[in-house]
Structures are given as C-alpha cells and as structure tokens.
Amino acid sequence: KPVVVAGCGVGKFKAQEAFMQFIRASGYAWACMPDAKGMLPESDERFIGTYWGSVSSPCTCEIVESADLYIFVGPRFNDYTTVGYSLLLSKPKMLEIRQRDIVSCGKDVFHCTHMSDVLAALATRVTKNSTSLENYRRTFIPLGEPLNLNQPDSKLTCNVLFHHIQKMLTGNTAVVAETGDSWFNGQKLKLPDGCLYEFQMQFGSIGWSVGASLGMACALQGKKRVVSLIGDGSFQVTAQEVSTMIRFGMNNVVFLVNNYGYTIEVEIHDGPYNNIQSWNYCGMVEALNNGQHSIYTKRVETEGDLIEAIRIAGTRPDTFCFIECITARDDCSKELLEWGARVASANGRAPAMESSSMRGIGGA
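Under the numbering used here, think of the first position of the sequence shown as 129, with each following residue one higher.
Derived by calculation from the structure, the hints in this document are not laboratory data.
Ideal Cβ positions, reconstructed from N, Cα and C, are used throughout, including at glycine.
Some hints here could point you the wrong way.
[What the hints assert, rightly or not] Taking CB as the label site, the calculated pair distances span:
| # | residue 1 | residue 2 | range |
| --- | --- | --- | --- |
| 1 | Asp321 | Cys233 | 55 to 61 Å |
| 2 | His421 | Glu173 | 42 to 48 Å |
| 3 | Gln405 | Ser218 | 44 to 50 Å |
| 4 | Pro320 | Ala478 | 45 to 51 Å |
| 5 | Ser422 | Arg253 | 56 to 62 Å |
| 6 | Asp172 | Ala472 | 32 to 38 Å |
| 7 | Asn403 | Asp281 | 28 to 34 Å |
| 8 | Asp321 | His421 | 30 to 36 Å |
| 9 | Gln405 | Ser194 | 44 to 50 Å |
[Unchecked claim] 27 Å max Cα-Cα, derived BS3-like pairs, lysine-lysine:
| # | residue 1 | residue 2 |
| --- | --- | --- |
| 10 | Lys142 | Lys256 |
| 11 | Lys235 | Lys221 |
| 12 | Lys283 | Lys318 |
| 13 | Lys318 | Lys426 |
| 14 | Lys426 | Lys283 |
| 15 | Lys295 | Lys318 |
| 16 | Lys295 | Lys129 |
| 17 | Lys351 | Lys426 |
| 18 | Lys352 | Lys426 |
| 19 | Lys235 | Lys283 |
| 20 | Lys316 | Lys283 |
| 21 | Lys351 | Lys140 |
Given only the sequences and the hints, what does the whole structure look like? Please build it.
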C-alpha cells in the first residue's frame, strides 16, 4: 500500500511533469507537503490532500503514516513542516527522491541522479497498485459546512470567510497566503486547475505576503487576479507596499483578517507582546491612495457584508480591492491550535546532546 508525497522540491526543480507521469503509471495515492501546495493539479483523481502530520487534510495523515512504503519527492523537513518534529514516519519504510540523490531506508544514498530522470525511469518500471487510494476512498468523509453559514446578520467567522473565498477562486486567480492562520485555512482551499498558490514557510516571515502580492501581480501582468490572505499583525510590518500596488493600477483583492493581534504567536506562546496597535485599515489604504486612483475598500463584520463586498470586487476586475474582515480574537482554525501546541513543545525542548537519524522528520 505505497503512497507518494510531493515536497516543494518538485516545483523548485521543475519536476511536475515527471511526477505526474509516475503517479499515472503507478496508481499510487499521492499527497503534497504544505509547502508544495499549488505546484501540482489538485483535480487529479489520486490526490488525497495535504500531508502535514496531525494537521493534515482529513484521512491523509492516516493513509500516509500507515503505508508500508512512502516515497517523498523533494521534501523539506523542518520544525514547521513536521509539526514540531512529530511526524510518525519510519526511516526503513521511506524512499526520498531529492534533486541530485536518492536516499533509501535512511541509510543507502545514491548520488549523481536527477529528480525528473528518476521519476521518468520509475514510471516505465513500476507495477500499478491502487491499494492506498482504495483505502483512502473507504475512510474519507467529506468536510461539512460551517454551522453559522447563510446567516447574513451573524458575526463573521474565519470558517465562513474562507467558505466564500473558496467560491471566488477560478483558474484565473492566484492565491497568496500570509504566515499565520492563513497557512492552515489556505491549505483547505481546493484549487481549480490553473489557480496559482504561494506561501512561505521556510522562515515563517510575517509580512512576507504583502510584498509577495505586489511581486506576483507584476509577474502575472493582469493574466490572473491575485487574492491575498493577510492577518492584521503581518500587514502592519509591510503595509506600505499597498501604495505601490495602487500606484501601478494592480487589481489585487486583499482580505485583511483583523483579529487584533498575532494569533499564530498567541497559540505558540501567548503574552502581551502579541497585542498590536489597532489601525483604521481601510482609512490607511484610502490615505495611501490620496484620491488619485479608483480603488475599493470595505470593512465587513457580518457574512452579509462579506458577500456584498466580494460581489462588488467581482464587478470591478481592474480595481485594487481591500476588504477588512473583523473576526474574534480567539477565532482561528483547529489546525492552528494543534500545530501551535506541538511547535511550542518542540521550541521548549532541552538541547539535544547527540544527533538522531530521525531529526528533521519525526524524532526528537
């Protein structure tokens, strides 16, 4: 019952075509690590979601960690991708296909190979086996809808917010997810074919997405509309980049999730340093514009407000749109609660006195 897990190296080393060639030939179920989301087509019938340890997509962790062989292609194992080094993986059952070498069972290393060449060669030799996919289909139960959905006057929650963001995604959109709870909510978005996705988790740099949204819009040159998912704390670090977006007439849609603080840090290690100065975010964006361009800003507090703001943004495809979404301070994904507790535990561990063969995957 083998499975395949794609890491960010698949995109970095341009191995997407070879990867899908191998998947089609093998019939194996496959997942992606969180930092590989958007690099491969999620519409593929063998795709089972994001593998991210205890905060994986439904049933994905169980299928991967119960496999008798897991093939990781271009993985990057760090404290963030391994949920504080808590993955339940066994080296003797692992095959790692990296950029220029292969590691078998954690001990045998074959050098001077190329990722795409290895995958293409495996595709011609593998015996088709869909056991892991069949196991997944037997156990998977689709996620339901938020309990407070379709209540226009109810206070906005993150679950409802991302439900409506999901509906606005098409092959002509590109998503940028900021460090924070947008990591986890973004992973749950089902990307249509052609929809791009970018986020940064090697360093967990807050504020990254504002400048990245500018850069992505420049690169796409209007071919796709950039949808940015940004927390208020992160936005305050690099907010001035919005001025450049407005100046050059970019049509980004920015969802500013205002929950009054550094929520991801609250779940890792809470303290008064996670509080921030409250801004008039829409007012600030209007001030940066200074009446020079046509833009749209809206502060939303209910589901009805959100639906109307998204509708207006859709009718103004060439306009920079900024939607400030007010949520409760403790409103975050269940995945952040789990991930934060495990990363906090890893951060507080005693220094290791000696190296471990499992360091970087699941071991202490």
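Review point. Which hints, by number, does the structure contradict?
Key: Of the numbered hints given earlier, those the structure breaks are 1, 16 and 19, listed in rising order.
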